[in-house]
Structure formats: C-alpha cells, structure tokens
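Protein chains: 2
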Amino acid sequence: MKATVTVMLKNGVLDPQGEAVRRALGSLGFEGVNGVRQGKVIELDLAASDRPTAETEVRAMCEKLLANTVIESYRIELA
Amino acid sequence: MKATVTVMLKNGVLDPQGEAVRRALGSLGFEGVNGVRQGKVIELDLAASDRPTAETEVRAMCEKLLANTVIESYRIELA
Chain A
1 MKATVTVMLK
11 NGVLDPQGEA
21 VRRALGSLGF
31 EGVNGVRQGK
41 VIELDLAASD
51 RPTAETEVRA
61 MCEKLLANTV
71 IESYRIELA
Chain B
101 MKATVTVMLK
111 NGVLDPQGEA
121 VRRALGSLGF
131 EGVNGVRQGK
141 VIELDLAASD
151 RPTAETEVRA
161 MCEKLLANTV
171 IESYRIELA
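If you're matching them up, the sequences are chains A and B in order. Quick note on our numbering: the first sequence kicks off at 1 and runs consecutively. Quick note on our numbering: the second sequence kicks off at 101 and runs consecutively.
These are calculated hints, taken from the structure and not from any lab test. Misleading hints may appear alongside valid ones.
Stated by the list, open to error - In silico DSS-like pairs for lysine-lysine, Cα to Cα no more than 27 Å straight-line:
1) A:K40 to A:K10
2) B:K140 to B:K102
3) A:K64 to A:K10
4) B:K140 to B:K110
5) A:K40 to A:K64
6) B:K164 to B:K140
7) B:K164 to B:K102
8) B:K164 to B:K110
9) A:K40 to A:K2
10) B:K140 to A:K64
11) A:K40 to B:K164
12) A:K10 to B:K102
13) A:K10 to B:K140
14) B:K110 to A:K40
15) A:K2 to B:K140
16) A:K64 to A:K2
17) A:K2 to B:K164
18) A:K40 to B:K140
19) A:K40 to B:K102
Isolated chain A (complex conformation) (with noise of 0.2 Å):
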C-alpha cells in the first residue's frame, strides 16, 4: 500500500523558505503571487495492505519522525 505525507508548517509559523520562493519568483517577473508555502512530501511503499492498519502505522510514524507536531502540521493520504 502507498501512502503520502504532506508536511507543512502551521498557519502562523513564519515560512522563510516559502518567502525565499516568493521575492524569487517576483525577481523573475511573475506578478500577482500574494504568498508561497513551502513544505515536504514522503511517499512510503508500505508493506500493510490493509487501510486501518497503514493508517495507525503511517499516524505513529508522522508524530515519531516525520513531522514535527509543535509547528508542523501533517496529511496522511492511503492509495
């Protein structure tokens, strides 16, 4: 089963990288972005076949490991 994990900072944590993109994208000459986020995505090739299972599992692994809960928040999606 395959799972992918947004990672991206929480409303009000101040991005940096996100506006390193943002005056970049303006140096560029593109006009009219209000605002960039930037945050990670883990594709995992689980072994679990079974949706409750690979959700409990990728929701342990996201609070262990991936995401970092204080100022991140995260998005668990199973195909």
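Given chain A, work out where chain B should sit, using these hints.
Okay, now just chain B, sitting in the frame of chain A:
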C-alpha cells in the same frame, strides 16, 4: 486562486533523503517500509482568478524556478 505544486525526484534518480528516512523509520521499529521518496510541496496564493491563466503561469514558474526538470518531475493542482 490557490495552486499546489508537488515536486519529486524522477524514478531512477537516487533519493538519499528518502533513504535516510527509511533507515530512521527502521531504527525506530517500523518494519514493513519497502521504500521512501521525499519531495517538496509548494503552495501558491495567486492573484489570477481564472484557471487557464493560473495554470499557464504556474507551469512557467515550475519550468523556470520550482523544479529542476532534468532530475525532478512536478504536478500542479489548482483549487
């Protein structure tokens, strides 16, 4: 209009960051993770309100700045 760009290394391109995550998950006791690929996600808040204009613009941003198309592929979602 909001656009979400997902940038991943192409298949066949070595992903040391993903490999590091896979090993870390293993050492934390998560068995059954066959593979991990890590990429980045960029959320853009655009002034453009019509879909075709926004898509053309975001595609140009990807080609010029957001993705290195030699080794990375990108996916655009508009909402």
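Hint by hint, here is what the structure shows:
Annotation: proposed proximity of K40 of chain A to K10 of chain A holds, straight-line Cα distance about 13 Å (limit 27 Å). Restraint check for K140 of chain B and K102 of chain B: the C-alpha separation of about 17 Å stays at or below 27 Å, so the hint holds. Distance restraint check for K64 of chain A and K10 of chain A: the Cα-Cα separation of roughly 17 Å lies within the 27 Å cut-off, and the hinted pair is therefore satisfied. Distance restraint check for K140 of chain B and K110 of chain B: the Cα-Cα separation of roughly 13 Å lies within the 27 Å cut-off, and the hinted pair is therefore satisfied.
Annotation: proposed proximity of K40 of chain A to K64 of chain A holds, straight-line Cα distance about 16 Å (limit 27 Å). Of the supplied pair hints, the one linking K164 of chain B and K140 of chain B holds, its CA atoms being roughly 16 Å apart against a limit of 27 Å. Distance restraint check for K164 of chain B and K102 of chain B: the Cα-Cα separation of roughly 19 Å lies within the 27 Å cut-off, and the hinted pair is therefore satisfied. For the suggested pair K164 of chain B and K110 of chain B, the alpha carbons sit about 17 Å apart, so the restraint of at most 27 Å is met.
Only pairs whose Cα atoms come within 27 Å are accepted, and K40 of chain A paired with K2 of chain A is accepted, the gap being roughly 17 Å. Simply put, K140 of chain B and K64 of chain A have alpha-carbon atoms about 20 Å apart, close enough for the 27 Å limit, and the pair holds. Of the supplied pair hints, the one linking K40 of chain A and K164 of chain B holds, its CA atoms being roughly 20 Å apart against a limit of 27 Å. With a C-alpha separation of about 17 Å, the suggested pairing of K10 of chain A with K102 of chain B holds against the 27 Å cut-off.
With a C-alpha separation of about 16 Å, the suggested pairing of K10 of chain A with K140 of chain B holds against the 27 Å cut-off. Taking the CA atoms of K110 of chain B and K40 of chain A, the gap is about 16 Å. The hint holds against a cut of 27 Å. Note on K2 of chain A and K140 of chain B: the hinted pairing holds, with a Cα-Cα distance of about 17 Å set against a maximum of 27 Å. A C-alpha spacing of about 19 Å is found between K64 of chain A and K2 of chain A, which places the hinted pair at or below 27 Å, so the restraint holds.
In summary, the hint linking K2 of chain A to K164 of chain B is not supported, as the alpha carbons are separated by about 30 Å, beyond the 27 Å threshold. With a C-alpha separation of about 4 Å, the suggested pairing of K40 of chain A with K140 of chain B holds against the 27 Å cut-off. A hinted pair counts as satisfied when its Cα atoms are at most 27 Å apart, and K40 of chain A with K102 of chain B qualifies at roughly 17 Å.
In the structure shown, a violation is registered for the earlier hint numbered 17 alone.
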